[in-house]
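Student: Each chain, letter by letter, is given below.
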Amino acid sequence: MTITAPVETYDFPSRVSSRFDFLRLKDFPLIPALILGCIALVAIFANFLAPHNPEIGSLTARFKPPFWQTGGSTKYLLGTDQLGRDVLSRLIFGARVSMVVGFTAVIFAGTVGTTLGIISGYLGGWVDQVIMRVTDTWLALPGLMFAIFLAAIVGPSMWNIVIILGLVYWTRYARVIRGEVLSLKEREFVRLAIVAGCSKWTIMYRHILPNVINSAIVIGTLMLGVVIITEASLSFLGVGVPPPQAAWGLMLSDGKQSLMVGRWWLSVLPGLCIMLMVLSANILGDWLRVKLDPQLRQL
Amino acid sequence: MKRYIGRRTAYCLLSLFLLSVTIFFFVRVTGDPATLLVEPGASEADIAAMHHQFGLDKPLWMQYGIFMKSLAHGDLGKSFYYRTPVMELYLSRLPNSLYLATVAMVFSLIIGIPSGVLASVRVGRFWDRAGKMFTLLGLSLPSFWVGLVLILIFSVYLGWLPSSGAGTPLHLIMPAFALGWYFAAAHMRLTRSSMLEVLGSEYVKLARLKGLPQVLVIAKHAFKNALIPVLTLAGINLVIMVNVATVVEVVFAWPGIGRLLYEGITFRDFPVVQGVVLMGGAMIVIVNLVVDILYAVIDPRIRLES
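If you read the sequences in order, they're chains A and B.
Per our numbering, the very first residue in the first sequence carries number 1; after that it's consecutive.
Per our numbering, the very first residue in the second sequence carries number 1; after that it's consecutive.
Hints in this document: simulated from the structure, not taken from any laboratory.
Where hints are given, some of them may not hold.
[Stated by the list, open to error] Which residues of chain A face chain B? A few of them, derived with a C-beta cut under 10 Å, are:
no.: 1; residue: L144
no.: 2; residue: M145
no.: 3; residue: V239
no.: 4; residue: P243
no.: 5; residue: L259
no.: 6; residue: V261
no.: 7; residue: G262
no.: 8; residue: W264
no.: 9; residue: R289
no.: 10; residue: L292
By construction, the Cβ of each residue, glycine as well, lies at the ideal position given by its N, Cα and C atoms.
From just these sequences and the hints, can you work out the full model?
Tutor: Have a look at this one:
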């Protein structure tokens, strides 16, 4: 005699709704997203795309203009700089610096800021007081000035810049996340979790964190532009990414020297790249803010 | 009221204390400050002498005590490069920075307020969209790049304006534009949202019900009230402008405190860097306190809440 196990049947929904449903929406800013995607691809495959070595130039080919101007050649499509380095190759490798610094700094600041914001908001009491007073003080210092100060102490290097930007900008996350946690912790599901005997850390990690992650992503996207501009400013001032590495801010600072003789391509092109990237990140961030922020969605 | 002001002042003092600790801490902990002061490759004996001269061989809390004591006397230390007190240097550069920031502020308000009002009156229509594009551009263009492009156009190609230095009002036009550009976007956005809030209020509806012409409702009833938060932000931003103008001042060789900070970095003149940052932070903390108190004086709701 055979025993058949009872077969349970479920009614599966025809399509599982996913977190990425919003990508299908009509007003998705496609062009900015494509631009950011392209810059990311260029950054990843810089080695294959760059026609010349970005750090070694030939001194016989200094200050060549872009190919469409008289004196330019198709060998150096966007011209060369004061050391005869190919501008196009430096722009391509510069994308890598901006992408790496931008994303790691935003993630670093986001992790620190979100963690401290959740702890501050959920635990309350003296922990909250300490974290918020430090946040307030650090927010009082203008980001760029604080970053210049830290960079001047620790010295120029790409990874130092990432740490500095993280230290400067975590406060932006902590402030907002704490505010959200304050209202979340009064909600039913948190109370039930307490009754069920979850520890404080479990509640913060399993129940609070998933509810604030959207806001952290929105702040992160909007911070990306700020972080990239700050990195470029630091490099421009000589306390960011050290030469001869190719970074857009550094190229602008080199280009400034020969601006008065009309070598426009050395300053205009890196700036255009920064603008394209930051503008795309800001448009995308603005759209995400409207999509993910439930308060704005109701408007 | 007194209790409110007392509490705000206490917070402000606490912030100033934390600010000094933060700056002191970062300088001491991230490395030996003596190595920032001596030439690279200095001998052990030189570094030891440096330690003794600046009291770096004393325990940390004692060093902090000495640091705070001289701060209380308005002493920010002595510049290594200029060999003069940092405070003197700072005060000699401050007027230039204030001058630049004021002109940049006027400029940003002239652009920001009318475009914000226009956008709020025409919500969702062409001017609103154009304004939104403008704010996004304002927030996305690095001010030093705007500066470089301005130099390229107006100094190199057209030859209308001097590219660097100070002295005549002509020197001021480009740096003020480059600096004010970013803030114009922020002022426009706040004007727009503040106007929208006021336009939806009861007294504006009443003014409309009375049959007042649209121009009068917007200009007399709505605009005046919407201006309060914008002017508050402008006040705070003026102080922020003084402190974030570094890159613009470097591009245009404008002799303000931003350039002083830059010189401090290039000459490894550490007391100058520390002094400029400390003064900047203190200025902003204090302005925030002043704004809080003024708000409490003007608006009884705030002081009753506490």
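Student: Against this structure, judge whether each hint is valid.
Tutor: Evaluated hints:
With its C-beta approaching chain B no nearer than about 5 Å, A:L144 sits inside the 10 Å limit, and its interface hint holds. Checking A:M145 against chain B: minimum C-beta separation of about 5 Å stays under 10 Å; hint holds. At about 6 Å, the closest approach between the beta carbon of A:V239 and any beta carbon in chain B falls short of 10 Å, and the interface hint on this residue holds. Using the Cβ-Cβ criterion of 10 Å, the hint placing A:P243 at the interface with chain B is not satisfied: the shortest such distance is roughly 14 Å.
Taken as an interface hint, A:L259 checks out: its beta carbon lies about 6 Å from the nearest beta carbon of chain B, inside 10 Å. The criterion of a C-beta within 10 Å of any C-beta in chain B is met by A:V261, whose closest approach is roughly 8 Å, and the hint holds. Annotation: interface hint on A:G262 holds; nearest CB of chain B at approximately 5 Å, less than 10 Å. Contact between A:W264 and chain B, as hinted, is supported at the beta carbon level, the nearest pair being about 6 Å apart and thus within 10 Å.
Checking A:R289 against chain B by beta carbon gives a least distance of about 13 Å; that is not within 10 Å, so the hint is violated. Annotation: A:L292 was flagged as interfacial toward chain B, and the flag is violated, the nearest CB pair being 19 Å apart, outside 10 Å.
Comparing the model with each earlier hint shows violations of hints 4, 9, 10; every other hint is respected.
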